[in-house]
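Please construct the entire structure, taking both the sequences and the accompanying hints into account.
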Amino acid sequence: MAHAPERILVTGGAGFIGSHAALRLLEEGHLVTIVDDLSRGNSGAIEALRQVGPVAFVEGDIGDRDLMRQIMREQDTQCVWHFAALAYVGESVEQPLRYYRQNATASINLLSVMDELNIEKLVFSSTCATYGEPETNLIPIREDCPQQPINPYGRSKLLVEHAVRDLAIARHARGQSFHAAMLRYFNVAGSDPEGRLGEDHDPETHLIPICLEAVLGRRDSVKIFGTDYPTPDGTCIRDFVHVSDLIDAHLVAMRSLGASASDETVRAYNVGTGSGLSVREVVEACRAVTGVDFPVEEVARRPGDPPKLCADAGRIEAVLGWTAARPQIEQMVKDAWRWRQQHPFGFRSV
5 MAHAPERILV TGGAGFIGSH AALRLLEEGH LVTIVDDLSR GNSGAIEALR
55 QVGPVAFVEG DIGDRDLMRQ IMREQDTQCV WHFAALAYVG ESVEQPLRYY
105 RQNATASINL LSVMDELNIE KLVFSSTCAT YGEPETNLIP IREDCPQQPI
155 NPYGRSKLLV EHAVRDLAIA RHARGQSFHA AMLRYFNVAG SDPEGRLGED
205 HDPETHLIPI CLEAVLGRRD SVKIFGTDYP TPDGTCIRDF VHVSDLIDAH
255 LVAMRSLGAS ASDETVRAYN VGTGSGLSVR EVVEACRAVT GVDFPVEEVA
305 RRPGDPPKLC ADAGRIEAVL GWTAARPQIE QMVKDAWRWR QQHPFGFRSV
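When we follow this note's numbering, the leftmost residue of the sequence shown carries the number 5, and every step to the right adds one.
Read the hints as simulated data drawn from the structure, not as lab findings.
Take these hints with a grain of salt, some might be off.
[Stated by the list, open to error] Within a straight-line C-alpha distance of at most 30 Å, the following computed DSS-like cross-link-like pairs (lysine-lysine) qualify:
1. Lys312 - Lys338
2. Lys312 - Lys227
3. Lys227 - Lys338
[Stated by the list, open to error] Restraint ranges, calculated between C-beta atoms of paired labels, are given here:
4. Ala304 - Glu32: 40 to 48 Å
5. Leu42 - Glu78: 16 to 24 Å
6. Ile112 - Asp309: 25 to 33 Å
7. Leu101 - Gln345: 34 to 42 Å
8. Gly295 - Glu120: 49 to 57 Å
9. Pro234 - Ala174: 44 to 52 Å
10. Leu101 - Gln346: 36 to 44 Å
11. Arg105 - Glu63: 12 to 20 Å
12. Gln345 - Arg73: 40 to 48 Å
13. Glu32 - Asp119: 21 to 29 Å
14. Arg73 - Thr327: 36 to 44 Å
15. Gly308 - Glu78: 40 to 48 Å
16. Glu78 - Asp297: 51 to 59 Å
17. Asp70 - Gln346: 38 to 46 Å
C-beta atoms are modelled at their ideal positions from N, C-alpha and C, and glycine is treated no differently.
As structure tokens, then:
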């Protein structure tokens with residue numbers, strides 16, 4: 005079914021997930037404006053998007069209320085997809101105030117401008133880190149699992165979830181509409197299947213791109229942190245979801261916002277496949293897809309790594325009809341490898 009184009013602001017649209025979101029929105033015919041300060045995003049992603057369609061890009065801080073007010077007024081924004089955030093757990097422990105400032109305070113400033121300009125729809129990029137370390141009997145994790153984050157990154161994201169809910173309550177009390185979907189991601193992987201965009205972090209902390217760097221000889225080995233977990237092969241188990249499936253979830257979530265008067269004003273959804281893969285299984289998938297038997301180094305556990313984290317994605321399937329269309333880890337690796345072969349040094353390769 006065709007949907008009317010909307011004027012959508014994408015914060016953090018030069019990053020891995022944000023750029024894939026912008027790509028899909030352009031393909032769907034929406035009018036896209038990206039705001040990104042490029043502290044973690046890539047200007048190369050913006051250039052790649054411009055090969056697909058007209059995208060407005062502003063390099064700036066989403067916490068700058070004057071700037072955001074100007075942009076949203078000029079673009080007559082109808083909906084905000086909010087990805088911009090810092091997302092390194094270890095760094096958040098070392099620099100907590102930076103994370104609260106960038107993730108929480110900046111988001112609250114963004115919400116303030118949305119409220120002022122009466123922009124009623126938000127799709128917020130949240131995280132499974134808001135759950136902390138759930139008890140084993142609570143896995144797979146449902147949305148009503150207690151949210152007890154164990155690091156400043158997770159706590160900063162949870163603060164934004166509270167702010168979104170409280171804004172919706174306040175606007176409703178004033179007789180104003182506000183609808184938001186908060187998507188709690190698990191482990192996002194893969195790349196655009198057509199090879200137009202990819203994953204490029206500095207430093208890289210995600211398992212699949214780390215494996216691909218080893219394949220290309222850019223690192224000596226891949227570290228496996230802990231082989232004595234209570235799992236079938238002794239390594240941690242995580243729920244991997246293809247980035248394209250994740251963006252599909254954003255699209256159906258946006259279309260649901262305010263679709264009927266009976267809808268909940270704000271709703272949270274887990275986004276994952278519901279199936280777990282061990283670190284060792286992902287490493288073997290990377291070896292199989294690339295044909296390279298890169299070295300692995302088994303080292304001690306990292307503090308705070310739970311043995312298993314998997315999503316119960318039943319709510320998003322029941323309410324929005326979303327399920328992962330690309331659940332196989334081999335497909336995620338193939339798509340990531342396709343882009344990385346053409347861009348061995350990331351966007352700097354262009």
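If you test the structure against every hint from before, which numbers come out violated? none
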